[in-house]
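Sequences are here, hints too, so could you generate the full structure?
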Amino acid sequence: MKVGITQRVDFVSEYSETRDSIDQRWYELFEVLGMNIIPIPNGLKDIKAWLNEMKCDAFILSGGNDIFGLKESKNVSKERDQTEFAILKYSYDLSIPVFGVCRGFQVMNIFFWRKAPKGIRPCRNIAFNQILLRRK
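Okay, so the sequence shown: first residue is 80 according to my numbering, each after it adds one.
Calculated directly from the structure, the hints in this document are not laboratory data. Small disclaimer: the values here were computed from a predicted structure and weren't measured. Ideal placement from N, C-alpha and C gives every residue a C-beta, glycine not left out. All the pointers check out, no bait thrown in.
Pair by pair, the computed Cβ-Cβ distance ranges are:
1. Arg193 x Gly113: 36 to 44 Å
2. Glu151 x Gly113: 35 to 43 Å
3. Phe90 x Met114: 25 to 33 Å
4. Tyr171 x Gly122: 16 to 24 Å
Written out as structure tokens, the structure is:
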């Protein structure tokens, strides 16, 4: 199974570079699950063409970055917002499953219900340990 995963956007001032990144533990998790993880770049001119080429079976909208336009947003990336909204449209049109983590779930809420959830407190300590899997 191929699962596309979105990436946070970080600016590294030391090198004056904007980078896409995800936590390395995602790769460890998918290795245990026996699935292929496909990092999705932000800022592509034609994300739909890229998604068609990759042929992912599912998508994960990962955590990180704030959503542009929300009242308390500081660490935003318009490119990431555009990428994730395009993925949601694409997956909705083709009935491809999507799983949202933290920010990803908030993006899904905005996409489908046009509003952000209220009263969400930041969570910085998420662990990927002790996952028990059973295969049939």
